[in-house]
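First to last, the protein sequences are chains A and B. Going by our numbering, 433 is the number at position 433 of the first sequence; the sequence numbering is gapless. Going by our numbering, 447 is the number at position 447 of the second sequence; the sequence numbering is gapless.
One should not assume that every hint holds.
If several chains are the same, the list does not tell them apart, and a pair holds so long as it fits within one copy or across any two.
To be verified - Straight line, CA to CA, 20 Å or less: simulated PhoX-like cross-link-like pairs of lysine-lysine:
1) K340 / K376
2) K422 / K391
3) K168 / K127
4) K54 / K168
5) K54 / K144
6) K324 / K267
7) K207 / K470
8) K262 / K470
9) K418 / K144
10) K144 / K101
Since the hints were derived computationally from the structure, they do not count as laboratory data.
Protein chains: 2
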Amino acid sequence: MSKKTAKKTPKKVAKKTSKSKIQNTLPDIETNFGEWFNEILFQADIIDYRYNLKGCGVWKGYGFKIRRKYLEIMRDLLDNTPIPHEEMLFPLLIPEDQFMKEKETVKGFESEVYWVTHGGLTPLDVKLCLRPTSETAMYPMVAKWIRSHQDLPLKTYQIANMFRFEGKNTRPLIRVREITTFKEAHTYHESKEDCSEQIREAVEIYKDIFDSLGVPYLITQRPKWDTFPGADYTIAFDSILPHTNKALQNGTIHNLGQTFSKTFDIKFETADGNQDYVYQTCYGISERGIASIVAFHGDNFGLKLPPTVAPIEIVIVPILFKNKEDDVMKVCNDYYKKLKKEGFKVRLDTRKMSTGRKYFHWELRGVPIRVEIGPKDIEKNQIAVVRRDVKGKNFIPNDESIKYLSNLLEDIQQSLHKSAKKRHDELIFRTNDLEEAIDFVDKNKGIVEIPFCGEEECAESIEKRLDGLKFLGIPDRYLLVLNKRVKKEKDIFCSHCMKPVTQYWRIGKSY
Amino acid sequence: MSKKTAKKTPKKVAKKTSKSKIQNTLPDIETNFGEWFNEILFQADIIDYRYNLKGCGVWKGYGFKIRRKYLEIMRDLLDNTPIPHEEMLFPLLIPEDQFMKEKETVKGFESEVYWVTHGGLTPLDVKLCLRPTSETAMYPMVAKWIRSHQDLPLKTYQIANMFRFEGKNTRPLIRVREITTFKEAHTYHESKEDCSEQIREAVEIYKDIFDSLGVPYLITQRPKWDTFPGADYTIAFDSILPHTNKALQNGTIHNLGQTFSKTFDIKFETADGNQDYVYQTCYGISERGIASIVAFHGDNFGLKLPPTVAPIEIVIVPILFKNKEDDVMKVCNDYYKKLKKEGFKVRLDTRKMSTGRKYFHWELRGVPIRVEIGPKDIEKNQIAVVRRDVKGKNFIPNDESIKYLSNLLEDIQQSLHKSAKKRHDELIFRTNDLEEAIDFVDKNKGIVEIPFCGEEECAESIEKRLDGLKFLGIPDRYLLVLNKRVKKEKDIFCSHCMKPVTQYWRIGKSY
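Given these sequences and hints, build the entire structure.
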């Protein structure tokens, strides 16, 4: 076998293997996104949903490592605000009487929670619910902690599992019964103004989180009728998932005012010696963030992980030829050690399988960079570099390679983010023509902004026009809390009642 | 006020404040360890047990940070074994039929678990238990993952919350209803020999964990009648807590053989093409490790944290005098930045309160090193260094201080470990005289080794002699799996039946 032929062989096999495998095992992402999504979670060892209880899955090794990076990003931001958020952990079980105390919140949850009624064979005196969110677990305790304005602001968060008694219509990472990864921050303040400031901080934190993941979003204030029960207002981060073009609520931020502090008697002594109830905010993010990483950066070959969350940034695949195995393995091993020492998260794939199968394996798992080293490369003192996100192979001289790889990771990070954002932007449409808007949503083209008056009745009438149509709410550019100056539109009229209005609202389909 | 008087004042106040505070708030550790333990958890912001459900507490900011370090140590060791342990996460809820499948294990648990019977107002078709441990959640899934000997060994672990329906007699971090921090490793192997090798690896991991915490232990194989249901044998890490001198089971390691793989049908194709059931081990550690840190390193002033788990290694307290505040604050701030840059976990205490109260605050929380900087120190270009574990103050020239502090942390770590070990060693006694042994245990002097035959009947007879007396089991020096050569004692006779025996066994009181 001549060198030339030999060198071509693994490449060809790789392509063939990849393509044939993909056709056999991963459904087409464009035409069958739902199936593709389930299948990639399974095949890439992220979550295995074959557990004997619907809506509950097992985080496998690779997925758990992505989850770790995701949580690191979150913790790093929350721990390092000028006044840090303190991580805490509250009990999972909430006694019924305590849970029922906040009627306004519970209204939304009591039929959706799991109830523990027995300890062993003995019925419990008071039944216990599995937290669907932790306000009622936290606030009675916080009422014991806060005494004076000197204890404020208090910023806390926890990352824990939550439970919702969902119907049969569950969806991996998006609508589940055990939300394994729910981050909820709860903050306590002296005044309304401090709450507004906190809302701004929360928005910035969430922007940073999703930007780090390369996940695009829209910031939208939910309509009054879709506000978190008890809150003054709710601001949501929605991401329009590609392929389905439906909005996924990825995070919510609530200004709670004094509703809960009055119910749970969280009082403090003010600077001038009076008593007042604290002002509160809370904001949550779940494992939907990971669903978004998968959805935004996937393709028919599998995942494309942004380096920020990639458990492995670089995989080295030795290109082995007869009688040269030892040489190649030695160089690969040395290069592996070198990259490791430089701080890269690197894996050397020494498994006994074809090169093509290795390519396929790591492409599926979205490893950002593949380095190939074969006898030819050793001769030329170079490495071959293949990036996961765009096609093409580059040969890089060894002595420039560290810097090259480091820059390339940065480049992949930005490029994934940029292309996701570009696609996301194209899914947002603005029109004054309601028919056109409804047609756009009906054809699953994305989210539309229409002129709107803000009345629930008008919204209901419009929502009736199309199954699944929802009012997402008011775009961030109109929100006083987030802008120094708020834009007011001119010469537009509510799409239903035709009153003159000053804002467009967002409508669309959502998960 | 002369400089001399001024300088003395804060010191005196500090001592007075500390002492008077301590007398008022922390019970005496020697005579009232139980109360001291509860109180220090509360006062040092570790866990607040005033939650409205017995046996469930809230991890507060400072405690949560200790817990983080504790888990980091664990993860670091498990992730970096030659064949890494992969972290995963399994569902909390286990359907009744699945849970009941392993009768032998469940025997131990069915009356001790919480049962979820309702979703909203609807009774569930199959009731769900909250995991008391995860064998029955994991093994049906693992049966789907393992196909061939090439999939072995598989080493997995998870860190999650567990639930036990305990009686009213709960105890913070030691006997709780929600175990918030349970690490369980589960491993799968081709052969019995591989299991033995894994047991040795597990023992080494646990040694490393407890050594890092400065927590002493005894390694003991549990008697047959106290082996984990279904296991071939169980090896436990017990720590004899100071002051009560009772054994706390801090970790267990089980050789499961093929019991579970047969029940859950976890089969693999062997290298020679046959089918066999996998061989398994599992090993667990809980938040009792944190209880041990508190217990072993506490005193009447509060915690003494080993630097490995200290959220703050060094606290800087500015010594302020009128008209010199700005100078001192500037130097403190610069020094704070310097230490931070050097990688120390450091806090600068700028709160508006007396120096004495600050000393008290940080002593209670066990911060290993306090640095004081006042006008005199600035003049002399020095810092004052006070270590938490032993009395005394040292003045260190500024330009030697980084190295000094770094060495001091190492020294404190070792010194805490050493003194805990010394005290622990003194609580272990060996005698051939049963009366003496029982008297030793009865007087709460610790753990005794007595000659013993290994028969359950003999053990029962001896246990009857003293309320709370338990057979802990066989010391590690006699265990074949852990030793190349096993010691055989000569000329000793079972303390009950008087048969000639070759081993001493450990007996004592336990938590």
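Hint check:
In this assembly of identical chains, the alpha carbons of K340 and K376 never lie at most 20 Å apart, being 24 Å within a copy and 48 Å across copies at closest. When the C-alpha separation of K422 and K391 is checked against a cutoff of 20 Å, the pair qualifies only within one copy, where the shortest distance is 19 Å, while the shortest distance between copies is 64 Å. In this assembly of identical chains, K168 and K127 lie within 20 Å of each other by CA distance solely across copies; the values are 16 Å between and 25 Å within a copy. Taking identical chains as interchangeable, the C-alpha atoms of K54 and K168 lie at most 20 Å apart only when both belong to the same chain, with a minimum of 7 Å there against 34 Å between chains.
Taking identical chains as interchangeable, the C-alpha atoms of K54 and K144 lie at most 20 Å apart only when they sit on different chains, with a minimum of 17 Å there against 39 Å within one chain. For a Cα distance limit of 20 Å, the shortest separation of K324 from K267 qualifies neither inside one copy, at 75 Å, nor across copies, at 38 Å. Taking the shortest alpha-carbon separations for K207 and K470, neither the intra-copy value of 24 Å nor the inter-copy value of 57 Å comes in at or below 20 Å. For a Cα distance limit of 20 Å, the shortest separation of K262 from K470 qualifies neither inside one copy, at 32 Å, nor across copies, at 52 Å.
Proximity of K418 and K144 under a CA criterion of 20 Å is satisfied in neither setting, with 47 Å inside one chain copy and 39 Å between copies. For the identical chains of this complex, K144 and K101 are intra-copy neighbours only, at 17 Å inside a copy versus 44 Å across copies, given an alpha-carbon limit of 20 Å.
Consistency note: the structure conflicts with the earlier hints numbered 1, 6, 7, 8, 9.
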